[in-house]
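Undergrad: Fit the two chains together into the complex; they arrive one by one in their own frames, and the hints show the way.
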Amino acid sequence: MLLEVTLSGATLGGMYALVAMGLTLQYGVARIMNLSYGELLVAAAFAALWFYTGVAVSPLVGLIVVPPLAFALSFAIYRVLLQPLVRRARTRDALEVDSILATFGLLFVIQGVMLAIFGGAYFSYSFLAVPLQIAGATVAANRLLALVLAVVIGVGLYLGLTRTRIGTAVRAVAVDPVAAELVAIDVRTASALAFALGGALVAASGVLVSMFLTFNANLGVVFTLKALVVVIMGGVGNLLGALIAGLLLGLVENYVAVFVDPGLTLAATYAIFLIVLLVRPQGILGRASR
Amino acid sequence: MTGRDALIGIACLAGVALLAGLPFVVADYGLSLAINIMSYTVLATAWSLFSGPTRYVSLATVAFFGIGAYTTAVFVETLAWPLVLLIAMAIGSVVAAIVGLATLRLSGVYFVIFSFGLAELVRQLVTWFEVNKTRTLGRYVFADITAAQIYWQLLALAVLVFAIGFLIGRSRLGLALRAIGDDETVARHCGIDVTRAKVALFVLSTVFMTLTGAIMAPRWTYIDPAIAFNPVVSFTVLIMALLGGVHRLYGPVLGVVPLALLFEYLLARFPNHFSIMVGLVFIVIVYVVPRGVVGLVEDTVRRQAAAKSAA
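Taken in sequence, the protein lines are chains A and B.
For the record, in the first sequence the residue sitting at position 67 is 221 according to my numbering, with numbers rising by one throughout.
For the record, in the second sequence the residue sitting at position 52 is 106 according to my numbering, with numbers rising by one throughout.
Hints are all accurate, no fakes.
Facing chain A, from chain B, some residues (calculated, C-beta under 10 angstroms):
id, residue
1, GLY162
2, VAL163
3, TYR164
4, PHE170
5, LEU292
6, ILE293
7, PHE328
8, LEU334
9, VAL335
10, ILE339
11, VAL340
12, PRO344
Derived by calculation from the structure, the hints in this document are not laboratory data.
Note that the coordinates shown come from a computational prediction; the quantities given were computed from them, not determined experimentally.
We put the CB at the ideal spot given by N, CA and C, even for glycine.
The following block holds chain B by itself, in its conformation from the complex (with noise of 0.2 angstroms):
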């Protein structure tokens, strides 16, 4: 370890003290704010994580999302905290295996339509077996939870995907899933399990937004199908990740915080007129800066240094 990674860790390390001990220092519509940039920061982190090497756009965040939000609903009043986040990651991790398995070994194209629908189809499911078999359309979530828990085990899961993005971009199936996204056929013939590498990965990354979605729940008290299956997360989070940049583990964390914010602005001044907003934001994003503000920066500093060496 040289002296700048060592630097860098301790930076690291004093980044996420300072981050822990904000609920301390902040009003409650504050805490509420980070609460919010810290879950797309989970979500936007775990969905570039997958979708990042292997250039596969998932559409499906918040169908794991959603299944999350609903396993708290239905045991947080039975069951104690950590087998209720046992759980939801027991589930997502079912359903992503199902769906990896499915449509990973086909072209990517297969898995973006079958994860298009994914959402809009738990949510079904969910409402079918609510009416039929509960009899009851919507939950009422109380939890002895309060926002600063909400906001330290939100904390606890961005370190965690940093740390295991870190780690897997260290590891053998990080250089397997550059391969991959390189050149599938080339990577095939390397010897790599492709499928078995995109399954594995997409498994792991659903796993994080499952367990946001677990851990966010109990802060809307009560949630039905259609809020805890709201596409536009899946959007918000895509339009994050991409402006951020996907190709280096810290990029969504730019896109997050900048439009988190802007997000906020326009939903507290537009409500009627969001959705038109965002998606204009989004076209904006796609054109102009399609590598992602850390893209945009890399491009930058490499043309200076060439312009240097040149003169």
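In isolation and in its complexed conformation, chain A is listed as follows (with noise of 0.2 angstroms):
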């Protein structure tokens, strides 16, 4: 039981270490605060399903098709949309203010398209659902599935900033934009780069999410409001902490769920985001600034 209470949440918090890395690059690096983040994953899981159910093609090859999609739409929507913002604004925290707004009003726009395609009903498909043996715990293919894609994909992306040129100018903007500038890192390319991966990971993660998740047009918020509550517990701009902070939170909700009440869940996360807030406001793996 607990073996199995914990695989699921892990499972889960994959997600949210996924989900939470794109948007730590969306803010740390591109200054972005997303607040229409969430809409993106549910968007990308009605396409998995219309992929499935419509056309009859798998999951996986929807995981090749869409993120590329969201990262044209998320770089699209940075140089049409934000970077005028970025342009006026004078400091970053007025950028902060400004960015929150226009995204606050994108969040309305997408949510209201998809309501207005699919309704508020919830959707799910059947794939690949059948139970595995794992150590005598009982798993859906479909979610350990979902899982190890998660982790590949991790792990990819921490490859990619860490070992190669153009990830070491998106970190180096993380860092320090000004000082970026002096070493001849193009700010504005890195930071539309970082936006756009940070939309195409939370495409990846609502593909793989409506693999095993029931969904509907109005949950986008609930995954941007925990993504953002993992990218502070993580400390902004760190992909570990978001990593290990994503999956903590996995492992709380489920333990809550199951062992608590299910409609707990929420209040365990802001319990959460509190403790860390009052004891170390940085964010696990942060460093102490600004």
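TA: Shown next as structure tokens:
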């Protein structure tokens, strides 16, 4: 029982970690606090649903097709909608407020479009819903596959950011945009790239989530919120921190849902968030700054 | 007091008296529109009372509005009306104080994130409590209160929020808040207890939101958590306050009136695409009038004055 709950908690935590990694790229590097972030996840989940039930294409193919589309869309959103705000903002705080407001509007637009198309009903589809036995515990194959894919994507991202030249440039912008410019890093392109990469990540998570969770058009806000909590818990801009915090949140949520009451999971999320804010406001792995 | 101040005071009194007479001249539809505008006036002005000077965007308006509405739903049949309002105020203030003390010591972004999910959190907690403890999801609100009485209570609340906003602007607290908004570090070095000022103002502004919710609840006759904690309310308040302009006390009203009318039209015309429309309106406002109508007017006046002095 405990092992089963832990495994399914780890799957959920892996999703949170992946979603939060994307958000930490958007917020930590591009300095955009994106409140419409989770909407892209739900849109990707709907895309996967349509692929599977509409044209009978496996979600695994969706996983290859959807993220590049989300990458292009996010890139366009950053260039058209957000760059004017970056140019207008005099300080980082001003940009934060502006981006919160603009993406809050975007949230309602995207959500409204999805509600108009799909309505408020819950959707799910059955893909690889076969039980597997692991060390005496029963796990659904689709959950396990989602977890494995999340790990693969997460490790790939981590290696890409730490081992390549572009990745190093992106991380440099996260640390200090002014200094990054001084060493001839194109901050604007790096920011747009990080923002788009975040969009691709959240879309990938959306496809993975759709394989084992029931979702509806209103779910985006919840994912945005959890991603924000994970990012703050892990330390802004810190990928490893996001990974640890995401897993932690998924596990705690699942334990609370199973052993206490499923209605109190969000309360558990907030309780953890409050504890982190009170004890370590810079995040689990974050450095004290600002 | 100069002659001009006295004139403004008299004009305000006359305006309030005129508004108080409204229920005697308009029909039901007009009154319900007036109630709508009046409740958003209180909410948007209360919102900018805190978020204007401190520049912390609060996305939690409906959390407090809903707390007020629920308090009414639970107590209205057993307790006297003023007592219901007092209880709503008390619950709202305690929640606001907890949220404020936990997040306002830190950088503003934590507060925004916390407020982003607060309504959802309160909604889930209320749902959980109702399902597990009272075993009723959704309540009927039977109160012996007419629409005109609701309107007058909201008008009184609006007068109160303007009066308090006016007084704060002239108090030490108001000065401290403006200093915090300009530069928090400098304010702290001037000896201002930054956290206390912010928490005090946050609690004050949420009291008005809670009261509005409590007063508005009898309008619905039936509420459940999804109705009471509808996130669109937070969003609408935010747009209205921003369109009007948050750095003047009378700013939000200038956004409330046109947008309340526009939303009324949109809701009747495009009920299924309402949130898309509102989102688009909002984005346009953020890009085109970042400092609100008030800022736009002030900029124009200043430019004309500059042109005149240059000529």
